[in-house]
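Peer 1: Chain residues, written in single-letter form:
There are 2 protein chains.
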Amino acid sequence: MPEPENESAEQPRLTAPGQGARGGLLTQYLPILEWGRTYNGSVLTNDLMAAIIVTIMLIPQSLAYALLAGLPPVVGLYASILPLMAYAIFGTSRTLAVGPVAVVSLMTASAAGAIAAQGTAEYLEAAITLAALSGVMLAILGMLRLGFLANLLSHPVISGFITASGLLIATSQLKHILGVQAGGDNWPDMLGSLAGVVLNANPWTLAIGIPATLFLFWVRKGAKPALVAAGTPPRIADMVAKAGPVVAVAATIVIVMLLDLADKGVSIVGAIPKGLPPFALPSTDLSLIEQLWVPALLISIIGFVESVSVAQTLAAKRRQRIAPDQELIGLGASNIASAFSGGYPVTGGFARSAVNFDAGAETPAAGAFTAVGIALAALFLTPLLFNLPIATLAATIIVAVLSLVDLKTPRQLWNYSKADFAAHMATILITLLAGVELGVISGVAVGLLLYLWRASRPHAAIVGRVPDTEHFRNVERHDVFTVPHVLSIRIDESLTYLNARWLEEYVLERVADQAQVRHVILMCSAVNEIDASGLESLEAINHRMSDAGIGVHLSEVKGPVMDRLKRTEFLDELNGKVFLSQNRAFRELSRDDGSDTCEPYDMARGMI
Amino acid sequence: MPEPENESAEQPRLTAPGQGARGGLLTQYLPILEWGRTYNGSVLTNDLMAAIIVTIMLIPQSLAYALLAGLPPVVGLYASILPLMAYAIFGTSRTLAVGPVAVVSLMTASAAGAIAAQGTAEYLEAAITLAALSGVMLAILGMLRLGFLANLLSHPVISGFITASGLLIATSQLKHILGVQAGGDNWPDMLGSLAGVVLNANPWTLAIGIPATLFLFWVRKGAKPALVAAGTPPRIADMVAKAGPVVAVAATIVIVMLLDLADKGVSIVGAIPKGLPPFALPSTDLSLIEQLWVPALLISIIGFVESVSVAQTLAAKRRQRIAPDQELIGLGASNIASAFSGGYPVTGGFARSAVNFDAGAETPAAGAFTAVGIALAALFLTPLLFNLPIATLAATIIVAVLSLVDLKTPRQLWNYSKADFAAHMATILITLLAGVELGVISGVAVGLLLYLWRASRPHAAIVGRVPDTEHFRNVERHDVFTVPHVLSIRIDESLTYLNARWLEEYVLERVADQAQVRHVILMCSAVNEIDASGLESLEAINHRMSDAGIGVHLSEVKGPVMDRLKRTEFLDELNGKVFLSQNRAFRELSRDDGSDTCEPYDMARGMI
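Here the protein sequences line up with chains S and C, keeping their order. According to this note's numbering, the stretch in the first sequence is residues 1 to 608, in order. According to this note's numbering, the stretch in the second sequence is residues 1 to 608, in order.
With the rest of the complex left out, here is chain S:
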């Protein structure tokens, strides 16, 4: 027979990147020190190649998301340079690409819009301050290892929020396709505002916007299959399809120039300041910070959740790992870098990260090279974008975000879990009707409320002995053997403050139901922990049962739980005993009362 192996001997690398046991504290906080040591020429080639592809994709996307955030397009470029550098130094994902993303841009527009009108200096200042606040919050959460707070956003809440945000974003861009002015940061306001101006639509703008939207939809859904059918290799077809927005941008610029559409009322990007991002100082105005901290916190958490799930998905494909708490620091550094270079809140985006990954990026250096690419674009390409129609950017946004709208999830949730369905629908409805901030907060609140409700009603069962065995099972599900003066209760959860009061009520009610009970056995085989409130409830149960002349006994208490109970006076005060096994407890206590109840078991068989 083989010797039993100890599996831990086979685990040479138990540390995640950024939690380096070898490199110590510095490597933990600066993951670049780990991957940087083994950087070489072939990795460099791959990273450079990926950077070029991502740069081409990022330029129109950055402009478009800045537009969505209500900011000058160049701010989108600014937010795509230094933040990428910062993430390359502090981030733990090898392939995550940070920058402006749709949902965070919408949240920025909503928060900054509450401070000032779009286009004013105060609006831009609010957006920069949001990035600074969000960066500081993320970094603090990371240093305090509080990443677990993101757990408060359950999957149904996140997917509801993303769906509703996608609808809000697409609606918000309709005005650019129509060439009208409209506002609002929730559906009723947006639709009301659009309804009032839809008849003023500019036909030339429509003539750009509608074909651009249809083209981008086709590129997204139909181009790749068509190219593959025509014999293009799938990998190339995929890249061409992803370049669709660049084609739309180039084509509409040319059309605007040829037909002089800017003079016919088509909004264009216009003059973009040429050069590198300016050094900016975020506001230290306390009243502004007081107004912005709640949206900044929500942006931080939503951004972190989105980024971490992208990073984890990509890391798993190559059996790499990320360190979520260090990711908070990486995203925090990115946002602080964004604020100091005149940008707005950024996070890791799915589309760009997937392109980066597919294009073969191997290290965060690819992100740094992309930053250089965007910086070159900011220095030299901006004059080319003068005639870019806003409607084209709106079309790229609409096409991108409508893929976020997920209509299958509600039905799946309805089938699987009504509570999760409720949290999902509440998030969608409140986000659509009352805006993004209230939507996220309500989703978290509904989810937590439902969780606490379930946690306060844990499972427990009155058990009896299965005949001819030493096993004890729920009396309601099995034909089991019990005696009237002994009540055996199996507790199926840890005892914490959320369910401690429930345990008191449960035991008291069960005892009140059965006048003959003289002993209560609490079977603790599933109790992993008893917190101070749980202990106090056990004490209360013990005192109340003692007053009523009833013994309280424990059985099958786990080792670590027993160790802690021994540090208290509870075991001395217990009006009963602690038994190693439920079977022994039941056998001993059911004998105790043989005189005044009928003798319901067969002593000779000795099984009880």
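These are calculated hints, taken from the structure and not from any lab test. Positions of the beta carbon are idealized from the N, C-alpha and C atoms, including for glycine. Any given hint might turn out to be false.
Among chain S residues calculated to face chain C with C-beta under 7 angstroms, some are [unchecked claim]:
1. Ala316
2. Pro410
3. Arg411
4. Leu413
5. Leu508
6. Asp531
Derived lysine-lysine pairs resembling BS3-like cross-links, with alpha carbons at most 25 angstroms apart [claimed, not checked]:
7. C:Lys418 to C:Lys224
8. C:Lys221 to C:Lys418
9. C:Lys566 to S:Lys408
10. S:Lys418 to S:Lys408
11. S:Lys566 to C:Lys408
12. S:Lys418 to C:Lys566
13. C:Lys577 to S:Lys317
14. S:Lys408 to S:Lys221
The calculated label-pair distances, taken between Cβ atoms and stated as ranges, are [unchecked claim]:
15. C:Met425 to S:Asp358: 50 to 56 angstroms
16. S:Leu144 to C:Gly222: 48 to 54 angstroms
17. S:Leu429 to C:Arg145: 53 to 59 angstroms
Once you have looked at the hints, place chain C on chain S.
Peer 2: Just chain C now, kept in the frame of chain S:
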């Protein structure tokens, strides 16, 4: 051998009072219909006797707590009449006595003090509005069955809050003992305010206040033993000791009258309006409601928690039950009644309920009779209280609340649970330094944060087979048998959104650690529930493992959990199998890879 019995056959009364299956909805909401049907002469005698004793105790207590709340003393009497009637109709405890209590009076003073100065009509209006808001909130919580929200207050937070409140209350009364004016609703403010005026103390007030305090301390601690030693029956000695405040009140009234102390600067109660409570309408001023709803909610929850624990303790002694959700309705009705009769927030108090219980009260009718007693006092006795020194009332408060200060708990918590100790100390410190409202909120927040932190890191273990058995145990604690290409992970908690992300990280890290892994078995024997987020994490794990060419298998999934999984596409997409037993899963999967790893087990023995 006896037939196995089904215990449920022995449970004729599974319904709690106020949850009557017999009486239906009306009995559920009006428990008086249940106990009223069997009311008879002997019960009447007992209830009347208890009511007389409680009335005598309540008169000075009601005046004192109104003083603590910063209200005219007569308001304390008003709050002790209609609320008791309302509780008698709607409450489920047979012996709970509602009325003004110390902690709620302090919270009322803090909330109303933020609106207006003590003694003004606005202050009184705020207190009445607090009672109305709190009553409506309690009733709504009760009708929505949201009593579980009180669970958010863990025992360490409650005891920390009570200790700190006791210290704050005792400090707030020092000014009355000294005969000076002082303010503040936290320790730094109170002590600073007192320090500025302590030299102005009135010697005559001190001459009343200090002896009264010492006498009441002695009555509380020393009188009963002394009387028992002198041959008095313990029950009578106990009653005499409890009448101590009445003695102090009578004696100091006589002293004030004899020495004409009111003219020498001793504050007295003065003229109390004679008669029954006026009919009052709570404010419907929306801005006042907006300012008061948070403190009203905190008062409701603190009051409910205090009341329910008293009611449960007393009910258990007689094997009676209470229905917590109906208790919310009972307390809600009491507070609404208080508001409409010019009173302030009330709840079930420990001291008076214990006296009521000990004096032999059998039904809530005793409370109604007490209300009649207090009403008679309000009609005829108030002139007798004209010369009652405020210092005497302050002395009764100080002596009563110092017994709330609990110095043993911190040490016990430190020994038992550092997390609970942290929540306890945070509550004490923030309550003392920043007042009652922030204290409660911080306590709840710290407790929830620590809970969520633990919930996000549930227990799981890599397991291996114990040689010569079919049992699987933690590889870190036992010498067990494993094979390098099969990773068995036992999950020790239900999979909910709070720990779903953790599971993804845990599985990904364990797989990243072991390059040879080709199969992961998730052993689900302790998983009672998988919510939608948990399911999505399982799907993510499955996709990521599939991408890496690793099979994902489940073992020992519970019946109800499996039933729900079958309603999803997860089982179709699973890149592996579901095994009934972990042993079968391990046996089959470890064989799968016999060729390229060494054969570490003995096929002939057939144990794997």
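Peer 1: Arg411 of chain S was flagged as interface toward chain C. Is the shortest Cβ-Cβ separation under 7 angstroms?
Peer 2: At 11 angstroms from the nearest chain C Cβ, Arg411 of chain S fails the 7 angstroms test, so the hint is violated.
Peer 1: Verify the proposed pairing of Lys408 of chain S with Lys221 of chain S, using a straight-line Cα cut of 25 angstroms.
Peer 2: 18 angstroms, holds
Peer 1: Less than 7 angstroms between beta-carbons is the criterion; does Leu508 of chain S satisfy it with respect to chain C?
Peer 2: With a closest approach of 6 angstroms, the Leu508 of chain S hint holds.
Peer 1: Quick one, are Lys221 of chain C and Lys418 of chain C close enough, alpha carbons at most 25 angstroms?
Peer 2: 33 angstroms, violated
Peer 1: Has the hinted range 50 to 56 angstroms been met by the Cβ atoms of Met425 of chain C and Asp358 of chain S?
Peer 2: 53 angstroms, holds
Peer 1: With a cut-off of 7 angstroms on the beta carbons, see whether Asp531 of chain S makes it to chain C.
Peer 2: 6 angstroms, holds
Peer 1: Within a Cα-Cα threshold of 25 angstroms, do Lys566 of chain S and Lys408 of chain C meet the stated pairing?
Peer 2: With Cα atoms ~17 angstroms apart, Lys566 of chain S and Lys408 of chain C stay inside 25 angstroms; holds.
Peer 1: 48 to 54 angstroms was suggested as the range; check whether the CB atoms of Leu144 of chain S and Gly222 of chain C agree with it.
Peer 2: 51 angstroms, holds
Peer 1: Holds or violated: is the Cβ of Leu413 of chain S closer than 7 angstroms to a Cβ in chain C?
Peer 2: This interface hint holds because 6 angstroms falls under the 7 angstroms limit.
Peer 1: Have a go at the Pro410 of chain S hint: is there a Cβ in chain C nearer than 7 angstroms to its own Cβ?
Peer 2: 11 angstroms, violated
Peer 1: Is Lys418 of chain S close enough to Lys566 of chain C, meaning Cα to Cα at most 25 angstroms?
Peer 2: 16 angstroms, holds
Peer 1: Could you grab the alpha-carbon distance between Lys418 of chain C and Lys224 of chain C and see if it respects the 25 angstroms cut-off?
Peer 2: 39 angstroms, violated
When the structure is compared with the earlier hints, violations turn up for hints 2, 3, 7, 8 and 17 and for no others.
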